[in-house]
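Since chain A is already given, all that's left is putting chain B on it; use the hints.
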Amino acid sequence: MGTHNTAWQPRAGTGLPPSLSRKWKSHLWGYFFILPNLLLIILFFLYPLFEAFRLSFTDASIGPSSYIGLDNYVRLFGDETFLRSLKNTLLFAVIIVPVIIVVSFSLAALMQNIGNGAKSLFRILFYVPTICTPVVLTMVWSWMYNTNTGLLNYLTGLIGFQPIEWLGSPSTAIAAMCVVVISWSIGQPLILYLSSMDAIPKEYYEAAQIDGARSFQRFRHITLPMVAHTSLFVIITTTISVFQIFVVIKLLTAGGPFYSTETLVYTIYRTAFGSTQFGLAAAQSIVLFLIIMVVSIVQLRFFKADH
Amino acid sequence: MQRIKKKALAVWMMCVMLLAACSGKEAAPSNTPQGEPPAGQKQITIDYWTIPVFKNVEGAPGQNFGDWEQYMLEQFRKDHPNVKINFQMIPINEVEQKVTIALAGNNPPDILLDGLDKRLSKYIQFDKSEPIDDFLENDKEDYIESYLKPFYYNGKLYGVPMSINAEYFFLNKTIFKNKGLEHLIPEDRDWTIEEWRDAMRQVSGDGVYGTALFAGSEQSDEMNLLYLLGNGAEQWNEASTQVTLDQYPEASEMLQIFNEMVAEGSIATGPASLKNTDMLELFKQGKLAMIPWAQSLYGIVADGQQDGSVVKDLELYGMKPVHKESVVPQVALSYTGYTVFKQNDPEKREMIKKLIQFITTSENMKKLGQAVTRIPPRISSAYVTEDPDMAAMNEIVTTLPMANLGMSNPMYSDIRVLWYPSFQAALLGKLTPQQALEDYARKANEVLKMEQK
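Respectively, the protein sequence lines represent chains A and B. Taking the numbering used here, the leading residue of the first sequence gets 1, the next gets one more, and so forth. Taking the numbering used here, the leading residue of the second sequence gets 1001, the next gets one more, and so forth.
Keep in mind the hints are simulated off the structure, nothing from the lab. A hint or two may mislead.
[Stated by the list, open to error] In silico DSSO-like cross-links for lysine-lysine, where the CA-CA straight-line distance does not exceed 30 Å: (1) B/K1324 x A/K250; (2) B/K1367 x A/K87; (3) A/K87 x B/K1078; (4) B/K1173 x A/K250; (5) B/K1430 x A/K250; (6) A/K250 x B/K1128; (7) B/K1275 x A/K250; (8) B/K1449 x A/K87; (9) B/K1324 x B/K1098; (10) A/K250 x B/K1284; (11) A/K87 x B/K1324; (12) A/K250 x B/K1149; (13) B/K1173 x B/K1354; (14) B/K1449 x B/K1430; (15) B/K1367 x A/K250; (16) A/K250 x B/K1449; (17) B/K1287 x A/K250; (18) B/K1430 x B/K1324.
Please read all numbers here as calculations on a predicted model, not as lab measurements.
So that you can see chain B by itself, here it is in the shape it has in the complex:
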């Protein structure tokens, strides 16, 4: 009996030790040294979450995602030894889920670098974001006003943009040259929808498609919608409170054109299940003559031609989004930037402010813009790109109006996921184009109505 008791005690202790080993807060990766704060100074801990955006940044100790940011945090820490910064990088497709869970558990990060245009309005709606007008008190005039505007709500600033990614269209010039169709490429980088359709038809064949559509996931809204907007439709009303796509015959007309182009082989087979990464892969392999993408494609292609993931002879040629003759083409912009979640400690807030100001200097924004071929939001950060094509497109983009994709609406992320099923239905013939648009608009406006209640 004594032996059994001893064995039982041993088993119990093992279980307790196992539980203790499995429990406890998982230490977030931190690159900041854990030294003692100087005497008299309060230890401040800042949780910094980011997504993989910036790499190959000049001056960074490494060329991977996050290296430059960790380096900057370390430099900040040297000047502020009482600050501990917990750095965490989250995959882009997980950030919404992770931040949502953190907010629901009242445990959000202090600073978040994310695609603010997509999610910031929701954080503000639930009063989770901290107004940070004072963060730009010294250099607000240096910011391009239109790039700050999306982050103002009720007169207060809730985000600081770090880089802007303009979305337009790109040709693979080499495919046109190889097929003797270089004459189809416009010097003014401008195609009407008829010219585009004709070019796509001529360039398709022998394993090459004109272009591709992707309706396989929620990302299918931005770039595919540019076609509908180019044909004269509008997705939202001016106040971004109602989805109006079904009210424009131009939208169903464009969907019908898509179906016809898929049938004739100008658009790659299987758009209903294609994802944006699949489309990009086809383009990188030289199987698509044209692709709608963000201007970061310049960097993707340059890097890819070095590591072999992009065909060597791919020559990019930027184009305005295709449009009807009477319609001015619009560009979409996506923003990456910082937001700060609600702070109760004034001292900590002040330290966060210093950290953001330390990172968002003109010089840093210039370096980041050059590294990932994006537009910096500060006037003094403007850089001259070595790529003449990108330089030409940067000039063009500033002259084009911005597409209203409803990103300022707090329900944007809920509305976004409603587009691709309707788009699939139209592409598969399950619904007519007009029925698909009505299905989408009805569901979207129901969501908006519930939220407004």
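Just chain A, same shape as in the assembly:
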């Protein structure tokens, strides 16, 4: 490596050293390209976030509002409906997230051993619910779950079962909701796992095979570690989306029976648009935001360290 004169010499006309001038110019173009998106993020994410934070300290409704300090937050933690919603949301997350991970990963692993044509077909079939409107999917499920005229009770009736109140009892309602959410949520993780698995060099498996590794060992020591980053991404994004479940609650159970399926977002919706208590709803939103943030950070730290 040759030496070169490192003495500072300003480039003519700029007052900056030549290397810095070039660096600034390249950065400038970068900021220029991201500026539209940055403006959108500020306008549609950061500004509403700060406004919600501000609202959470007021008694905002459709009339005039005034500052009430931490009253909304204090009220939240004594509100049995809110605490129950929080419990339900965590329950959904604990059930749905692992099932989605396991099912999508397993399907992706199984699909490694089929031909490209069949793989494409299954890829489409599993991904179609992801691109359908959740409202439409939920309406179809509501007809299927109907106690008196639903498809499921018709089928179970053929084998001698009495009509089941799929959405009418807390335990079956929770399970029914989980099935709906899982059915349309496995598509995207599946695609990500498939891509991730396809990217694993074949040579690794060949080398392991030569060394005498059995299929389970190859799976455990090659496949699993190589898709760890994908798993981390899927876990975090799936957890975030489960925490924000709303459409399926609104259309299937309205939070019932007896609050057993009411989630945080549904409570926020009812507080804001049913009771028109925007300040309280903002406080609930901020709490939800903090919960999601903490859970995501914990997951990131835990799974990254594990990896």
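Leaving out everything else, chain B in the frame of chain A:
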């Protein structure tokens, strides 16, 4: 480098154009021509929001929801070329949310046609509604006083009713005939609770239920509560400031009867998750012998028998709400009408007044009532219905007292959503009937207390 700069500029311009295309106020559907106002006249823009209520109205160019209203707005515009009217129809299940957002953003419509009994008190509480006593200055005497009364607050009128939907019970007479149980149908359209229960038990079976309950959503209050009120309970105190349902053993008694009837198969399975539309669907398919509904059911069944969504042989028979022997049955009334949000411009307010008066004529109300089988609020709008059953029920309804469901309380919509979870708990056995009522009353009165503070 020059090439990169040009490409970057091109990308930047594309982004700006995209943003410009996506931004800007979404043009509300308007059926009024956008011509220039005559010289010297100020352009007035009126935002008119409505819900899908009126269809098949005589004289309308189309038979869909909103056709008649748009036609009327167009006719008004011809006489007032300086007026631009932005018409918007909102689904019924979205109107509360949409209007709430508009009010919060200080951007409400000028005129709203909605179920006023459910939401008007809230708008008034927050001083968003405009008093409109002068809108009826010429023909107030033509309105039936009891139909105007719900829209008065502190002596001022805030709404103009367009149609009234009385809620009572209906039998599918055909089911009783087919089962040889026609003798159970009372000629005076009146059943005690024991007679009703016995009839429901006898008519159930072979894929038919006596009736259904629905606790699956917030709409489960009105019609289901009629049973409790018929048994002698009262949901509210007289001033509608306190929920009192838990203080009446008759209420828990009726909930217990419901549970027993579900167990014996007289009431359709799964009431905790059933919605009112599910119950209606069962009735339309001929699987329910009885249903509590509004009198608009006459129109729903007539239309449905033409388009095939209702079994052809369904014969409606109106009934008073079932009641204990010693109790006078009550009917619930739901109102659809106009409210006007606060106006700062006197000229605009005057134009809105003219528009409302143009629409709410006696002739128009008669047409609307006939189209959707509802009661017009004006004496001169009374019409003779061709349906003898509806005619008989209209006569009966005028003799029955109105149920107090607390609609005059500003917190009505907040209280309403508290009923169905407790109702579900009672139906599922999670709480005893009395515990469920106490749970409901406690939560409701807590909300009322907070609001009164």
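Hint check results:
no.	hint	in the structure
1	B/K1324 x A/K250	violated (37 Å)
2	B/K1367 x A/K87	violated (53 Å)
3	A/K87 x B/K1078	violated (59 Å)
4	B/K1173 x A/K250	violated (36 Å)
5	B/K1430 x A/K250	holds (22 Å)
6	A/K250 x B/K1128	holds (28 Å)
7	B/K1275 x A/K250	holds (12 Å)
8	B/K1449 x A/K87	holds (27 Å)
9	B/K1324 x B/K1098	violated (41 Å)
10	A/K250 x B/K1284	holds (25 Å)
11	A/K87 x B/K1324	violated (42 Å)
12	A/K250 x B/K1149	violated (34 Å)
13	B/K1173 x B/K1354	violated (46 Å)
14	B/K1449 x B/K1430	holds (27 Å)
15	B/K1367 x A/K250	violated (36 Å)
16	A/K250 x B/K1449	holds (28 Å)
17	B/K1287 x A/K250	holds (27 Å)
18	B/K1430 x B/K1324	holds (27 Å)
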